[in-house]
Amino acid sequence: MKKIEAIIQPFKLDEVKDALIKIGVEGMTVSEVRGHGRQKGHTEVYRGHEYKIDLLPKVKLEMVVRDALTTQVIETLNTAARTGKIGDGKIFVSTIEEVIRIRNGDRGESAL
Amino acid sequence: MEPRLSFPAKISRLRERMKDPEWNRYGKILLMGKLTGVVLILLAAVVMNPDLIGFSSFAADPQLKGNDIVNPLNTVWTLIAAFLVFGMQVGFTMLEAGFCRSRETVNVLMECVVDTCLCGLLFYAWGFAFMFSHGNGFIGMNWFFLNGAPHTYETSGVAFLAFWLFQFAFADTCSTITSGAMIGRTGWIGDLIYSFFVSGFIYPIIGHWAWGPDGFLATMGSAGNFFPSLGMGFHDFAGSTVVHTIGGFIALAGSIVLGPRLGRRFKRDGGGPMMPHDLTIACSGGLLLWFGWYGFNPGSTLSAMDFEGIGRVAANTTLAACAAGLSAMFVAYFMSKKWDMSFTVNGFLAGLVAITCPCYWVSPGGSIILGAVAGIIVVYGVELLEYLRIDDPIGAVPVHGICGIWGTLSLGLFASGQFGATGQFGADNSAPLKGLFYGGGFQVLEAQIIGSLIITVSTFVVAMIVMKVVNAFGLLRISTEGENYGLDLHEHGISAYPEYVISAMGRPGGMSGGDTHAAMAKTPVGGKLGESH
Numbered sequence: 001m002k003k004i005e006a007i008i009q010p011f012k013l014d015e016v017k018d019a020l021i022k023i024g025v026e027g028m029t030v031s032e033v034r035g036h037g038r039q040k041g042h043t044e045v046y047r048g049h050e051y052k053i054d055l056l057p058k059v060k061l062e063m064v065v066r067d068a069l070t071t072q073v074i075e076t077l078n079t080a081a082r083t084g085k086i087g088d089g090k091i092f093v094s095t096i097e098e099v100i101r102i103r104n105g106d107r108g109e110s111a112l
Numbered sequence: 001m002e003p004r005l006s007f008p009a010k011i012s013r014l015r016e017r018m019k020d021p022e023w024n025r026y027g028k029i030l031l032m033g034k035l036t037g038v039v040l041i042l043l044a045a046v047v048m049n050p051d052l053i054g055f056s057s058f059a060a061d062p063q064l065k066g067n068d069i070v071n072p073l074n075t076v077w078t079l080i081a082a083f084l085v086f087g088m089q090v091g092f093t094m095l096e097a098g099f100c101r102s103r104e105t106v107n108v109l110m111e112c113v114v115d116t117c118l119c120g121l122l123f124y125a126w127g128f129a130f131m132f133s134h135g136n137g138f139i140g141m142n143w144f145f146l147n148g149a150p151h152t153y154e155t156s157g158v159a160f161l162a163f164w165l166f167q168f169a170f171a172d173t174c175s176t177i178t179s180g181a182m183i184g185r186t187g188w189i190g191d192l193i194y195s196f197f198v199s200g201f202i203y204p205i206i207g208h209w210a211w212g213p214d215g216f217l218a219t220m221g222s223a224g225n226f227f228p229s230l231g232m233g234f235h236d237f238a239g240s241t242v243v244h245t246i247g248g249f250i251a252l253a254g255s256i257v258l259g260p261r262l263g264r265r266f267k268r269d270g271g272g273p274m275m276p277h278d279l280t281i282a283c284s285g286g287l288l289l290w291f292g293w294y295g296f297n298p299g300s301t302l303s304a305m306d307f308e309g310i311g312r313v314a315a316n317t318t319l320a321a322c323a324a325g326l327s328a329m330f331v332a333y334f335m336s337k338k339w340d341m342s343f344t345v346n347g348f349l350a351g352l353v354a355i356t357c358p359c360y361w362v363s364p365g366g367s368i369i370l371g372a373v374a375g376i377i378v379v380y381g382v383e384l385l386e387y388l389r390i391d392d393p394i395g396a397v398p399v400h401g402i403c404g405i406w407g408t409l410s411l412g413l414f415a416s417g418q419f420g421a422t423g424q425f426g427a428d429n430s431a432p433l434k435g436l437f438y439g440g441g442f443q444v445l446e447a448q449i450i451g452s453l454i455i456t457v458s459t460f461v462v463a464m465i466v467m468k469v470v471n472a473f474g475l476l477r478i479s480t481e482g483e484n485y486g487l488d489l490h491e492h493g494i495s496a497y498p499e500y501v502i503s504a505m506g507r508p509g510g511m512s513g514g515d516t517h518a519a520m521a522k523t524p525v526g527g528k529l530g531e532s533h
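So the protein lines, in turn, are chains U and X. For the first sequence, the working numbering begins at 1 and goes up steadily by one. For the second sequence, the working numbering begins at 1 and goes up steadily by one.
Note that these hints are calculated values from the structure, not bench results. Since the model is a prediction, treat every value here as computed from it, not as a measurement. We treat Cβ as the ideally placed atom computed from N, Cα and C, and that holds for glycine. Certain hints may be false.
[Claimed, not checked] Short derived list, chain X residues pointing at chain U, Cβ under 7 Å: (1) G263; (2) N484; (3) L489; (4) G493; (5) I494.
Construct all of the structure, not just a fragment, from the sequences and the given hints.
The following block contains the structure:
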């Protein structure tokens, strides 16, 4: 099982979510987050003063999927979340040791 | 025998006694009695010798004529109404800001403020001249830059500039209505350009037809004018058509040409309206609009002397809004099984828009019925726009455009046949308007249909042309990047809630002004962020 975390542009959320559901992702957790990457935010001007918006609003999706689905999820994220411009975000993949469904104690892939 | 008390001792004894409730009561009764006596003596003195305190000389002035009292009264009344109508700007600002997403709030605020500034200058330069001066049936041709104006406007007895101010507040309302349907995707330059056309040309010129002293719809049906065989002019007391339908249909043209906001999916495509960001502000704004309407409608008498008219209009306005709010709430409930706040607010606003035209000529009962119908229309109007895939974030088109038409036509149905025209010295009910439901036949209704149709179609066609032209220059809609980044940051450099959105996490102190502020832009935060951005 893999955990896939994707940090994407907030306005891409609906598109990405729909695309993921379409390929069979069963569940996901979405959080509104703020952060920065290499570009380190934007400069804006307020009352003639420049100020930095260093932590930009982003959306983080987390989902744990069967190994077999991993490549497909990454591909889907790559296409659906991409605008081709700076700030599109990142995908992180890690291995998950165990999944337990609290309701009935199911373990492993059947708990996904 | 008790010794004679000194005066200070008497006072302190009195103070002691006043602490006793019984003494205190008798003391107060005695004091009131003495005061009444003093007042009566003064009154008697004034009656016997009126010059004693000086104010009688004013009333006795042989130079003072009727108009010297009537004109100031009418002017003060019109100004009070103008201030109330201006207050509607606050209502619009709050309503629009509340119903939009937080990312486009600064843009909405700016739009409402700048519209007002722009409209004021344009209405001074030529807007008022186009609309309210004499010229021909289509356009006024005098009083540019308010030059050559008389002391009072026409026969109203209202000071000319007070009338100007009142009408400026109306023009401002119309132009702000327009912005409501174009929230969230209009570029700032495009905003300025279309506002210039709305406040400077579309509203004043088309408004002249119905409200100008010689507008062809105002004089319609009389000999030698437009459609003499009809025998009835177009009536729009406070502007269901002139202000609201014009505003609403420019808004419709704008939102059609702009297209929906990015990411807006419609109900038939499995989506729905984008979530508003502050319903407290939106609802309060709606109620402020209702309050401002007490200037909008009753003020349109321009005459404090027509005191019955003012009272009737104010009461009718209230009843229509109440009925419409409730009917919209129930219709929305039958549709969604929820008591929908946003539809209820849109509902009472729809009732206010509808009663704006007929408010002077209908009865309280008629107001309730026509208001309730407006509340139903507005909910289905919102659904219709949704079906047509037109993105109108606050419902400006159903509320102002569609219910403006309903209100205008409703006069032809509900005019009670008791009331004629308002005037400088009071009401003139010699030629009352009588609608279909009161046995007056179709005459008023026909005049209303003709007027409403001509104004609605002309407005929509002209507005479509203006919007298309501005759009053809690429100025109307903001770039996709700008819209994704957020209209507020892209166009105005700041979000409406910078504390929460930008700096709350990074900087506990938030964004302060002045030196701290300048330093913030340059100082690396947390040793990580330099100037390389």
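The hints, checked one at a time:
For G263 (chain X), the interface hint holds, since its Cβ comes within 7 Å of a Cβ in chain U; the closest pair sits about 6 Å apart. Annotation: interface hint on N484 (chain X) holds; nearest CB of chain U at approximately 5 Å, less than 7 Å. Because the smallest distance between the Cβ of L489 (chain X) and any Cβ of chain U comes to about 6 Å, under 7 Å, the interface hint for this residue holds. The interface hint given for G493 (chain X) is met, as the beta carbon of that residue sits about 4 Å from the closest beta carbon of chain U, less than 7 Å.
Annotation: interface hint on I494 (chain X) holds; nearest CB of chain U at approximately 5 Å, less than 7 Å.
Of the numbered hints listed earlier, not one is contradicted by the structure.
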